[in-house]
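Chemist: In order, the protein sequences belong to chains A and B. Here the first sequence is numbered in full-length UniProt numbering, starting from 1 and rising by one per residue. Here the second sequence is numbered in full-length UniProt numbering, starting from 1 and rising by one per residue.
No wet-lab data here; the hints were simulated from the structure. One thing to keep in mind: the hints can contain errors.
To be verified - For lysine-lysine, the following DSS-like pairs were computed, each having C-alpha atoms within a straight-line distance of at most 30 Å: (1) A:Lys78 x A:Lys117; (2) A:Lys122 x B:Lys112; (3) A:Lys117 x B:Lys256.
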Amino acid sequence: MNAKLTLTSNDGQKFEVEKEVALQSQMIKGMLEDIQSAASVPLANVNGQTLAKVVEYCKFHYEATKKGDTQKTKAAIKKWDKAFLNVEQSVLFDLILAANYLHVESLLQLTCQAAAKLICNKTTQEIRDMFNIENDLTAEDEAQLLSEIEWKFE
Amino acid sequence: MSPTSADELSNGQDGACDMLALLPAPLLLSSVFPLLDAADLIRLGSCCRALRSAAFSDEVWQPRCEALGWSAFPRGTSWQAGFSSRRRTLCVECGSPSRYVFALLGCWLCEKCEHGSPRYGLVTALEAAERYGVPYAALAALSYHEACGTRFYLRSAVEAIARSSSRGGGGGGSGAARGPGAVRRASDGSEMGEGDEEEEEEGDDSAASSEDGNGPDEDESSGGGGGGGGGGGRPGAADRRADDKAARKAAKKAAKEAQRLKRQGRNTPAGGGGGGGGGGRRQHQQQQQHSTAGGREGGAQPHGRRRGGDDDDGGGGRGGAALPLEGQAVALPHNRRRAAGGGSGSGGGRGGGVRGAAGKLKSGWAAEREALMAAWGQFGISGLVLATG
Chain A
1 MNAKLTLTSN
11 DGQKFEVEKE
21 VALQSQMIKG
31 MLEDIQSAAS
41 VPLANVNGQT
51 LAKVVEYCKF
61 HYEATKKGDT
71 QKTKAAIKKW
81 DKAFLNVEQS
91 VLFDLILAAN
101 YLHVESLLQL
111 TCQAAAKLIC
121 NKTTQEIRDM
131 FNIENDLTAE
141 DEAQLLSEIE
151 WKFE
Chain B
1 MSPTSADELS
11 NGQDGACDML
21 ALLPAPLLLS
31 SVFPLLDAAD
41 LIRLGSCCRA
51 LRSAAFSDEV
61 WQPRCEALGW
71 SAFPRGTSWQ
81 AGFSSRRRTL
91 CVECGSPSRY
101 VFALLGCWLC
111 EKCEHGSPRY
121 GLVTALEAAE
131 RYGVPYAALA
141 ALSYHEACGT
151 RFYLRSAVEA
161 IARSSSRGGG
171 GGGSGAARGP
181 GAVRRASDGS
191 EMGEGDEEEE
201 EEGDDSAASS
211 EDGNGPDEDE
221 SSGGGGGGGG
231 GGGRPGAADR
241 RADDKAARKA
251 AKKAAKEAQR
261 LKRQGRNTPA
271 GGGGGGGGGG
281 RRQHQQQQQH
291 STAGGREGGA
301 QPHGRRRGGD
311 DDDGGGGRGG
321 AALPLEGQAV
331 ALPHNRRRAA
341 GGGSGSGGGR
351 GGGVRGAAGK
361 LKSGWAAERE
371 ALMAAWGQFG
381 ISGLVLATG
């Protein structure tokens, strides 16, 4: 059962992982169900840097779940996740995309929560600055939109 | 994950722009938006058009509305618009239904949240002057909520004024007496300030003021003296503040009294409202109360009353009672005033005496509150009014 699987990113980097680890990705799982004998999975939508992170995440969580569901491991996982997410925004968004593509549900949740955290409790302008969003709304549009939350004080 | 500053810095450098647009809309809708609360979502949606169309879509808001049991919005309104209009009629803080609107801010609010958040704190003009050092003139620009015949200002607004004026609120620490008319911050003790006032008023009357003083004016000034004397014994700033509140109330009463006297045909000058210090006011109030009773009797026996006034100076409460009825004892203004000279000198003692005599008078806050409650049947001050419609 310790068969290895080789994941290949779109820039040609190869990651050899245990099958069990890779099966956390629903997408890979589905693929393997189709092609039982596959030993290598090309992932066209994920670059090497991101895939490295994803593999790191999957490996850790695979080990952690093997250890059992105790209070201690839960705390350790939480801590690890936090450290794991301490990355640049662009990496974070790449991770979200990759998690979405690979269907790693827990990773997707984790990263989306981090993204939501970035957004919440910020003014519109702060959000724009943070993500380099160009404001293509007219002033009236904006006023009208913000009037929608006049029930909430800044 | 914490958005470190390094993240944000590098964001500019690596040329990644429009990060959220890098996430496909379906992903945003399915994974990110459900994690945001409504206000964040709307703010996000106000960033640009692409985000607006995503963040305001029915797909996002319908589940939210349905989760709250809100539905059946008028035809043609989006779920988002429906949500906002509905949300607007709920307490802005906790989102629970409320019958009240916080008048000063025009938002719905429940009682609990009003008292739970400093944002909705109210101050009276006197408190603004006392604690924050904001002059009355500056309050004119603020909107106020009028309840129980008193104007309440938003505490945060008053604080902002206090901050912007370089003086910085000395707070209740300074015991300077300020009347509602003229706020002044006497740099040294309250006694000094009151002394000044006393003098001014005495000057106006062209006679030494006395507790016998006729009409509210003189009363006021002698009251100030009493307050000064009495005030020395009470060190606490809070105490003084409380006193001032009582004083303000007393001043109001005094003004009413003055009007009443006027109506009765007195020629007493009605001015002096701006005057005396805290303690003085309080005493003043008492004097006024006494005077109503005493005056009637005084009208019949002016001489006896005069004597009473003199005694007063020496010894206290009773004198106060005899005092201010000059209006009725029209014949004897001069004598009275002279007697008064002594009175103002011994004001301190007298003040104490009067206060002691009328033990039922409570200090400051409590008294004011109680009076408000008695008059209006409501507890504390609140900026809430019943919502219409």
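Chemist: None of the hints should be skipped; say for each whether it holds.
Modeler: Against the structure, the hints:
{"no.": "1", "hint": "A:Lys78 x A:Lys117", "verdict": "holds (16 Å)"}
{"no.": "2", "hint": "A:Lys122 x B:Lys112", "verdict": "holds (26 Å)"}
{"no.": "3", "hint": "A:Lys117 x B:Lys256", "verdict": "violated (59 Å)"}
The structure shown violates just one earlier hint, number 3.
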